[in-house]
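The whole structure should be built from the sequences, with the hints applied where relevant.
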Amino acid sequence: MLPILSPAETRKLEEITAKKQGITSFDLMRRAGKAFAKQVIRQFPHNKKITIVCGTGNNGGDGLCIAKNLLEAGKKVSVWVIDSEKKSENFLKAWRKLEHSKKIAAVKTVSPKMLETELLIDAIFGYGLSRPLSGAYAESAAAMNEAKAVRLAADIPSGLFADKPSEGVIFKAHFTYTFELPKLAMLLPENYPYAGEWKVLNINLSRDETATSHYYIEKSDVQKMLRTRAKFDHKGMFGHAYIIAGSKGKMGAAVLSARAALASGTGLLTVHIPSSGAAV
808 MLPILSPAET
818 RKLEEITAKK
828 QGITSFDLMR
838 RAGKAFAKQV
848 IRQFPHNKKI
858 TIVCGTGNNG
868 GDGLCIAKNL
878 LEAGKKVSVW
888 VIDSEKKSEN
898 FLKAWRKLEH
908 SKKIAAVKTV
918 SPKMLETELL
928 IDAIFGYGLS
938 RPLSGAYAES
948 AAAMNEAKAV
958 RLAADIPSGL
968 FADKPSEGVI
978 FKAHFTYTFE
988 LPKLAMLLPE
998 NYPYAGEWKV
1008 LNINLSRDET
1018 ATSHYYIEKS
1028 DVQKMLRTRA
1038 KFDHKGMFGH
1048 AYIIAGSKGK
1058 MGAAVLSARA
1068 ALASGTGLLT
1078 VHIPSSGAAV
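Counting with our numbering, you get residues 808 to 1087 for the letters of the sequence shown.
Hints in this document: simulated from the structure, not taken from any laboratory. Among the hints, a few may not be true.
[What the hints assert, rightly or not] Calculated lysine to any residue pairs in the SDA-like style (CA-CA distance at most 20 Å, straight line): (1) Lys909 x Thr924; (2) Lys920 x Ser895; (3) Lys915 x Ser895; (4) Lys882 x Phe833; (5) Lys1057 x Pro1081; (6) Lys904 x Arg958; (7) Lys915 x Glu946; (8) Lys1006 x Arg958; (9) Lys909 x Gly881.
[What the hints assert, rightly or not] Cβ pair distances, simulated, as ranges: (10) Leu899 x Asn1009: 21 to 29 Å; (11) Ala880 x Thr831: 22 to 30 Å; (12) Thr831 x Asn1009: 45 to 53 Å; (13) Thr1077 x Ala880: 56 to 64 Å; (14) Phe1045 x Lys904: 56 to 64 Å; (15) Asn854 x Thr1077: 52 to 60 Å; (16) Glu892 x Ser1020: 33 to 41 Å; (17) Ala943 x Gly829: 32 to 40 Å; (18) His1079 x Asn1009: 25 to 33 Å; (19) Asn854 x Glu997: 26 to 34 Å; (20) Lys827 x Glu1004: 29 to 37 Å; (21) Glu822 x Ala880: 28 to 36 Å; (22) Lys883 x Ala913: 54 to 62 Å; (23) Gly942 x Glu997: 19 to 27 Å.
Keep in mind that this is a model prediction, so the values were computed, not measured. Note that the Cβ used here is the ideal one computed from N, Cα and C, for glycine as well.
Next comes the structure, spelled out in structure tokens:
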């Protein structure tokens, strides 16, 4: 099971990881950039023209680390940084590693012409965002949503709050590569147009140090519960499920739950339904 953490809990986990593993938060940023770039290359091996739009916080730093790894892999990368007076320390560290590259530029906002690319990566804001996008950020996200490119989000789409309802302009990703743990927002159906298909990328955080009331159950968790059946096992050895369901004209729930019980491996199934639904 994967813990689902709030932004504050995620920040705390990153701090614990850095202390426990004897590394810096910038080391974690570089891990994230490397993991994201590897996934891009794995999923889109033939796409060489890539544009990354960054903010000036830690998510923007992730974007710069992604750019560095993609450039080293031989990809054609352009980086637009939506400039701001406020810059995180780790963003500045990542910037200094790329500032002499002709592939990076600070801009006030991005226009459609600047977004003519094959892959477009959003790294403007991460899980810490607490208010709707506005000004140049909203304008840029809106322009990015119109781009004729495959759109990817780094950790979480800009404008999407990690654990509460969102509003305003939100980047619409086709794919979101989130770091270490899924965000609650990605599991809500109303956010599918923004998060798209998402994938968790491992950056080796110390998950065992987390405590939360929310967990994402993976296929591997369920597989551990499945019992291997021997050649001469019979239905009496695998339990008896009893379902009471359905009403006149509404037998769908009974049918679906019965099929689900059989598919899950119950040995014997009894379904109690109203006589009006017997023909179903």
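Now the hints, each set against the structure:
The suggested pairing of Lys909 with Thr924 holds, with an alpha-carbon distance near 17 Å, which does not exceed 20 Å. A C-alpha spacing of about 28 Å is found between Lys920 and Ser895, which places the hinted pair above 20 Å, so the restraint is violated. For the hint pairing Lys915 with Ser895, the CA-to-CA distance comes to about 18 Å; that is within 20 Å, so the pair holds. Between Lys882 and Phe833 the alpha-carbon distance is near 23 Å, which puts this suggested pair outside the 20 Å criterion.
At roughly 10 Å between alpha-carbon atoms, Lys1057 and Pro1081 fall within 20 Å of each other, so this suggested pair holds. Pair hint Lys904 plus Arg958 does not hold up; C-alpha atoms about 25 Å apart against a cutoff of 20 Å. This hinted pair checks out: Lys915 and Glu946 have alpha carbons roughly 10 Å apart, not beyond 20 Å. Distance restraint check for Lys1006 and Arg958: the Cα-Cα separation of roughly 14 Å lies within the 20 Å cut-off, and the hinted pair is therefore satisfied.
Simply put, Lys909 and Gly881 have alpha-carbon atoms about 15 Å apart, close enough for the 20 Å limit, and the pair holds. Against the hinted window of 21 to 29 Å, the Cβ-Cβ separation of Leu899 and Asn1009 comes to about 27 Å, which satisfies the hint. For the hinted restraint 22 to 30 Å between Ala880 and Thr831, the CB-CB distance of approximately 24 Å keeps it satisfied. About 19 Å separates the C-beta atoms of Thr831 and Asn1009, a value inconsistent with the hinted range of 45 to 53 Å.
The supplied range of 56 to 64 Å is met by Thr1077 and Ala880, whose beta-carbon atoms lie about 59 Å from each other. Separated by about 58 Å at the C-beta atoms, Phe1045 and Lys904 satisfy the suggested range of 56 to 64 Å. Checked against the given bound of 52 to 60 Å, the beta carbons of Asn854 and Thr1077, roughly 54 Å apart, stay inside it. Our hint of 33 to 41 Å for Glu892 and Ser1020 holds, since their Cβ atoms are close to 39 Å apart.
At roughly 39 Å, the beta carbons of Ala943 and Gly829 sit within the given window of 32 to 40 Å. Checking the proposed 25 to 33 Å range against His1079 and Asn1009 shows it is violated: the Cβ atoms sit about 46 Å from each other. Distance hint for Asn854 and Glu997: a CB-CB separation of about 29 Å, consistent with the stated range 26 to 34 Å. A hinted range of 29 to 37 Å holds for the C-beta pair Lys827 and Glu1004, which are about 32 Å apart.
Checking the proposed 28 to 36 Å range against Glu822 and Ala880 shows it holds: the Cβ atoms sit about 31 Å from each other. Judged by the Cβ atoms, the range 54 to 62 Å given for Lys883 and Ala913 is violated: they are separated by roughly 20 Å. Evaluation of the 19 to 27 Å hint for Gly942 and Glu997 yields a pass: the beta carbon distance comes to about 25 Å.
Hint compliance for this structure: hints 2, 4, 6, 12, 18, 22 are not met, and every other hint is.
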